[in-house]
Structures are given as C-alpha cells and as structure tokens.
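Model the full assembly from the supplied sequences, consistent with the hints where possible.
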Amino acid sequence: MSAQAPARVESSGRGSGTWMVVPALALLVLFFALPYLSILTMSLREASTRAVYADGFTIAHYTTALGDGFIWGILGRTLMIGTIVTVLALLLGYPVAYHLARSRSRWTSLLYIFVLSPLLVGLVVRTFAWMIILSNNGVANQALRGLGLIDFPLQLMNNTLGVTIALTHVFLPFIILPLLGNLQAISPDLAMASRSLGASRLRTFLKVTLPLSLPGIQAGTILVFVLSISAYVTPAMLGGSGGRTMSVLVVQYLIDSFRWPAGAALAIIMASVAIIFVSLYLRLTARAMRRLP
Amino acid sequence: MSSVDKTIWDRLFLVLVGAIYIFLMFPIVLVMLLSFNSGEFLAFPLEGFSLRWFESLFSNKRFLDATLYSVRIAAISTIVNGVIGTLAAIYVARHARTGARNWLRVLMTGPLLVPEILTAIALLFFFYEIGVGTDYSIGIQIGHIVVTFPYVFLNVSSALFNFDRSQEEAARSLGAGPWMVFRRVTLPAIKPGIITGCLFCFVISFDIFNISLLLKSLGNNTLPLELFDYLRFNFDPTAAAIASLSIFLTFAAILIIDRTVGLRSLRF
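Protein chains in written order, with my numbering: chain A, 6 to 298; chain B, 885 to 1152.
I should point out that these hints are in silico values taken from the structure, not numbers from a laboratory.
Positions of the beta carbon are idealized from the N, C-alpha and C atoms, including for glycine.
Please note that a few of the clues may not be correct.
Straight line, CA to CA, 25 Å or less: simulated DMTMM-like cross-link-like pairs of lysine to aspartate or glutamate [as the list claims (entries may be wrong)]:
no., chain 1, residue 1, chain 2, residue 2
1, A, 212, B, 894
2, B, 945, B, 1019
3, B, 1100, A, 261
4, B, 945, B, 924
Only part of the chain A face toward chain B is listed, based on derived beta-carbon distances under 8 Å [stated by the list, open to error]:
no., residue
5, 41
6, 125
7, 131
8, 135
9, 155
10, 159
11, 166
Structure follows, in structure tokens:
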C-alpha cells in the first residue's frame, strides 16, 4: 500500500485515490466498452460465403432485418415475454419480500434459503426441472389427467406460455432480494405511527410502505426485465420454435449459420430497443417517485 | 378494524405467501425426488429409492472435468472482482468528482444493464479481431470477470452508502491515518457487502451460460454447458442427480454464510 503515502501528501484530497479505480476502469474499457464497438463494425461488414464476414462495408443487414416481418414478430414476442414476466415477478415477489422483512419467526433463516436456493441452483438445472413439469408426459399434465380435468395433454412447452412460466420462476429471487433490502430499511415505527393515527392496514400499506419501497421495486423490475428479454437458456430449452426469442435467433445466426454481420445487426437492434425501454421506464418511475410527498 | 378481521387477513396473506414459497421450491424438490428414484424415467409415480443415477454421474469423467473447470473460472473471477470491484466502489463513493461519478457508475454497472448475451457476442467478435479467437481459456475467463464485476461493485457501493461517514471522520479526528481508518473502520463496516458481492460473483459465474457458450475454447465445457449438451440427447435422471448435488452444495454454502455473516446482511 505504498501508493497511500504520496496520496496523503497531496492536499487536494479528492483526486488522491485514482489508483483505486484504474484496474476496474481498464478491465471495463478494454473488455466491455471497446468490444461493443466490434458489434457495431461487424454489423456493417459485408456478408461472405467463404468466411464469417467479408472486408467491405454495407448497411444492408439493417435494412433487411428492419423490413422483415418475421424478425419484428420475434422482437415483439421477446418484449411481451419480458413485460409479462416482470409484472408476474413483482406480483409474486412483493408479498414474499414483505413477509420476510416482517418475519420474526425462528424459521426465517429457512425461508431465506427457500428464496435463495432457486437462484443458486443454476439456470440449466432450473429450466430442466420445468421441462420435467411442463412436457406432454410431464408432471403437470399427469396431475391434470389424474384429476380428470383433461383427456389430452395440454401444450405447456415449446411455446410462449412455458417460457413465461419458467422465466418468472427463474428470475423471481432477483426481485425479492432488492425489495427485501429496501423493505428492511424502512423503519416499522412509520407504519406503527400511521396505524396509531387511525389509518387502516390497507391505507397504511398504500400510503406509507408501498411508496417507500418504490426504489426497491424500480431496481428489481429493471433487473428482471433485462434478464428475461436477454435470457437464452430458458427459451432455447423450453421455447421450441413457437417460443423463440431474439437471443435464440441471434445465436442461431452466429453459431448455426455463421452469418456474423447479420447476427450483429440483429444484436444491435435488440440492444437499442432494450436501452430505449429501460431509459423510458427509468424516466417514468423517477417522475413518479419525485411526485411523492 | 376488529381483531377477528385482522386474523382473517393475516391468514389469507399467509396462505398466499405459502403458495408462492411452494412455487419457488417445487421444481427443486421435484428434481431432488426424481434423482433418488430407481425408475428409468423422469416421471411419477416414484418407484423406489436408489443411488444408481449418482453412480452414473460419478463415473462420468466429463461431468467431473466440467465441474472442476467451472469452479476454477468462478474462483478466479471472484478473487479478481473482490479486489478491483471493492476498490472501484470505494473510489466512486468517496473520491470521484460528482460529474465523473455518474458516468463511472454507468460504466461499472454496465455489464448488468446490457444483456449478457450481447456482451458475449461483443467479446467473441473482439477476440476474433485481435487474433486471440477462442483458442485459449483466457477469453472465457475475461468474459466471466466482466459479467460478474457489477455484483461486487453494487453490493460494496450499497454497503458504503448505508454506512455513516461520521465514524470515519471521528477516527480521523482522533489521529488515525487513512490506511488505519480504512482497515479499522471502513473495511469492517462494508465487510458484509464484500462477502455478499463475492458470493454472488461466484454463484453467477458458476451459473452463467451465454458467455461460456460463445467464448469457450474447444474441449473445455463448463458444467452448465455440459449439462445442456447432455440434455439434448438424454432426458434421464442422471441430469437430476447433478441438480441434486448442486442443491446440496448450495445448502452447505448458505449454511456457512448464515453462520459467519448472517443471511440478513444480504443487500443489493
């Protein structure tokens, strides 16, 4: 820590710790920011039949992709899945986070494990579990047939439905944890004060707890949205062709058909749409939070 | 509101929350049950207790190699990010000028804000352009470090944000030097954030798929890739045995964390 000594001599104080950020900055500029330029340049390369790309430049990949109804359909489906999964995860995750934040029981640690373990088990394994449940001879169809509710198996996977159910489960912990941190930080005295001043439980929740937990909701929903529109494993394993999303399509372009420039253009389109969505959402929620008393 | 109403609402709420907990755990419990089932197929009814699928797993050298490879990559990512992520978080929270702070935050959380699959694609093209290609493990290792970096940065930043700075100032005014203040005041206060960040870093690195799919070098599969490949052609309980094993390991890790820093310290 010899760098600390000269740092103290400098009287400016603020700029003194620059060395601390240098390794992280180098990592992220060199291997994160710079490579993104490669997608851009790759998307402008000409296609080639002999190599993954040719040397000339063209914007043909964008015009082709944007004029293709098939690709618009997949983009729309991806955004729809992302939105539904985010809403479902919030609706299912909020009660759990609320319960966990209030829980004083000695079983609380066990409940934490319930919330955490799906997160730690691994995406491929969890999606595999959903294949066991949702396939035509799977547990869900077996149960429904056993109860006499259906005669023929329902199509629960290889479509959007299966992908949505599995993604909601897969990313649920990602909304519970930020919310939990947020709800734990809210002093229980505030809710108590509201109750003792005569507000009902519902009113206390709507006027005190919910507004104070908006930062947690914002963080969690963005996380889940970005994770679910970019998910590859779950739609690749459960989606079939009826539940194909942008990520699956892009990987097909890159790995199966070696159309790197066209795949890069699709990736750029997907990224732009994601950025627009998230920044619009950030602006909207920031305005909503500012309007709070 | 009368006390009778209260209990009804409480019970309804508990039923709802209980159902969600069951939804969370159901697939995992199911996989575990089926991994101990002696039957040939991944289906009910259960036929009997058996360890045959675990035997089949442990006799599979590819799965063992893949597990070791995944552990190695996750461990290196965790160590690297534990150091540079913590330092960067302290710099951004304590030293950066207000103008620089915002764009630094965006850059540092960037890998989390953009889809992982895009970062994988970007790195694939980049390594190809600079001539490294995917011939070595260094490509996949750098990919893992980049993608898991924000988990350490965010957790340490959040710990720093919640930590009352006046404690540092008090230590300074009592004559402690910057290094002493860091070691005796700041570091103990942000330790839960560092541990949580590193835990997440390790687990996410162990789990991520897209980076590994696109950047893997020939013949080196991580565990998720190996399992994915396996499931393409086999839909048998050996895969469930892998799942069970990873669940046991997870529970062990959680217990250790609960005993050392406490699960309640988890923050985002």
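Here is what the structure says about each hint:
no. : hint           : result
1   : A:212 - B:894  : holds, 19 Å
2   : B:945 - B:1019 : holds, 22 Å
3   : B:1100 - A:261 : holds, 16 Å
4   : B:945 - B:924  : holds, 22 Å
5   : 41             : holds, 5 Å
6   : 125            : holds, 4 Å
7   : 131            : holds, 6 Å
8   : 135            : holds, 6 Å
9   : 155            : violated, 16 Å
10  : 159            : violated, 16 Å
11  : 166            : violated, 16 Å
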